[in-house]
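Start from the sequences, fold in the hints, and give me the full structure.
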Amino acid sequence: MAPGMPDESSAAAVLTVDHLDVRFATKRGVAHVVRDLSYQLHAGETLAILGESGSGKSVSTLALTKLIPIPPGRVAGHVRIGDHDLVAMAEKELLGYRGARIGYVFQDPMTSLNPVHPIGRQVTEGMRFHLGVSEREARERTVDLLRQVGIPDAEKRLDDYPHQFSGGMRQRVVIAIGLSCHPDVLVADEATTALDVTTQAQIVELVGRLQDEIGMAVIWITHDLGVVAGIADRVLVMYAGEVVEEAPVDLLYATPRHPYTLGLMSSLPVLGDLERRELAAIPGMPPTPLALPPGCGFHPRCAYRSDPRCEAEHPALVEVEPGHRVRSFYEVPESDARAAAAAGRIDIEPPDAADRSAAS
Amino acid sequence: MSEPLERPDTAHRPRWRETLSVLLKNRLAAVGLLALLGLVVVALLAGVLTRYGINEQDVANRFAAPSADHWFGTDELGRDIYSRVLMGSRVSLQVGAIAVGISLIAGTLLGLVSGYRGGWLDAILMRTMDVLFAFPVVLLAIALVAVFGPSLRNTMIAIGVVFTPIFARVVRGSVLSVRENLYIRAVRSLGASDLRIVLRHVLPNVAAPVIVQTSLSLAFAILLEAALSYLGVGVQPPEPAWGLMLSDAQRYMEQGWWLSVFPGLAIFVTVMAFNLVGDGLRDALDPQQRSIIESRGVGGDA
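For the record, the sequence lines run as chains A and B.
The first sequence maps to residues 1 to 360 in my numbering.
The second sequence maps to residues 361 to 662 in my numbering.
Everything labelled a hint here was simulated from the structure, so no lab data went into it.
Among the hints, erroneous ones may be present.
What the hints assert, rightly or not - Here are the simulated distance ranges between beta carbons:
| no. | chain 1 | residue 1 | chain 2 | residue 2 | range |
| --- | --- | --- | --- | --- | --- |
| 1 | B | 596 | A | 132 | 52 to 60 Å |
| 2 | B | 457 | A | 206 | 48 to 56 Å |
| 3 | A | 91 | B | 378 | 36 to 44 Å |
| 4 | A | 82 | B | 377 | 43 to 51 Å |
| 5 | B | 483 | A | 197 | 22 to 30 Å |
| 6 | B | 397 | A | 134 | 51 to 59 Å |
| 7 | A | 71 | B | 398 | 31 to 39 Å |
| 8 | A | 69 | B | 567 | 23 to 31 Å |
| 9 | B | 483 | A | 248 | 47 to 55 Å |
| 10 | B | 564 | A | 214 | 41 to 49 Å |
Keep in mind that this is a model prediction, so the values were computed, not measured.
The C-beta atom is built at its ideal place from N, Cα and C for all residues, glycine as well.
Structure (structure tokens):
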């Protein structure tokens, strides 16, 4: 289902994120929410950003078009689309990028539609000011879009209000809005988390299909390893605001290298595994961005902590094999990696019911 | 569990029609609405419905009791009270509409800016509104009229100024909660400008409390105009304003009850009608109340 990995060297990146850094000034000090984040995204590619709540995964994508409140937020680094750097841009110029170049789909379909407008008007809105099309043409395109995302009787439902749709249908409308201006990149921020498993699978499949059709890149933010396995080309695992492991999806699932990734995989229940041990939870809590631990951000919770450098030095992101980068001083033994990979083995394509309960 | 049943197709109606049908199920609100419609018709047709000029004096017929000739009797100058009360409805409705219009527009703008922008601008605007709000309403209106001189126009401006903080507060409060909604973030992520977000997405969502506040304020504005006219700082004689007529009538209580009763009744009916409609609207526009009313099939806790 995932489109083939584009050759990194030949295809030009549609989005380049370079040393992105986000801080918030709060009353209790500066919260360092995203630290030194870099990645490239190519047309048609699906990048999954994996991490638990508070790992900075959502903020890092909102910061791409400065959708965070500034101040108190502060964005540094570069976000490049073509020759343009979005971080350096004024708000007015950014308006032309939001929705048109980078589209967003948010988590909760129940509240991401305005209750007072019919859904047709909400889908046409972006087209009107980004593409400059007439209301009539926008409506025609909306009917097509709604059909594409699988809303039956699309032309009859244009003037219906959000409350007349079910959750799954509403999320389809939200996706239609995200797609309405043909963005190069679609950010799906927990886009299926609020939905039941069947609907979730349909939405995942829908986005994959549309991606193949229009060649858009997708950033899929999730804490759901099952979704990641099914759709991603590449995975960024984030912890405490930074990338701790980055790899093509098959490498990551075959040999996870970072202790945190291992922990995530070991904590998954496996359906049908009757003689299995207890679920291995990662002890402790993620650090608050107001007071990050010195050294490696993960060391207080790390089962493999041994090197004295773990507490003192900040590990760099090191390439351990082509395309596979890890931020850790410790080499996880091959056997442990395989064991965790086996525990986290998700052979099924659509998301698994079992790991939803673990995730939430 | 999070997916509600889809509404049946009968709910497929524009929102204002749904609101109206709920409103009309509330008997008191329906009566109020009917009274308002009657009032507007009377004000429009006052010239046709009356036989005497408002300042036409019949000195031989002073203090005439209500009769077939003078339905509401005559006053101390022999003027027909029926004609004056009917023409007075124009003054009252005009004052209500224009004064509340001023405060509605000014207050809504201030509330939108204040609530959406927040920060120091919000602090300055709202503290100013608080100062305005802290004054006794009548006193402030008297002060304004005293400075600019008593006239119908200044009365309307004074009332408009006095009511502005009420609207500003209602709107700001609603904006604060509306702007936190995910759909606001969603249209922002679509590239909508602040102006567009405020006008198309925030404003319609704060409309319900504003509509309710408008109809209640209309009642209050009419009452305030009557009070100001009664105190002599509002509409000036010989204009036929209800408050002014009451004020004059006060001196002639013993000569005839009709001098004060009819203008008083007119004020009462008008204010009551606006209040009933306002209460009804509040219930009809509040989804929680609405389901209660729908399930009971009647209104009437107003």
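Original post:
Are there hints from earlier that the structure breaks, and if so, what are their numbers?
Top reply: 5, 6, 7 and 10
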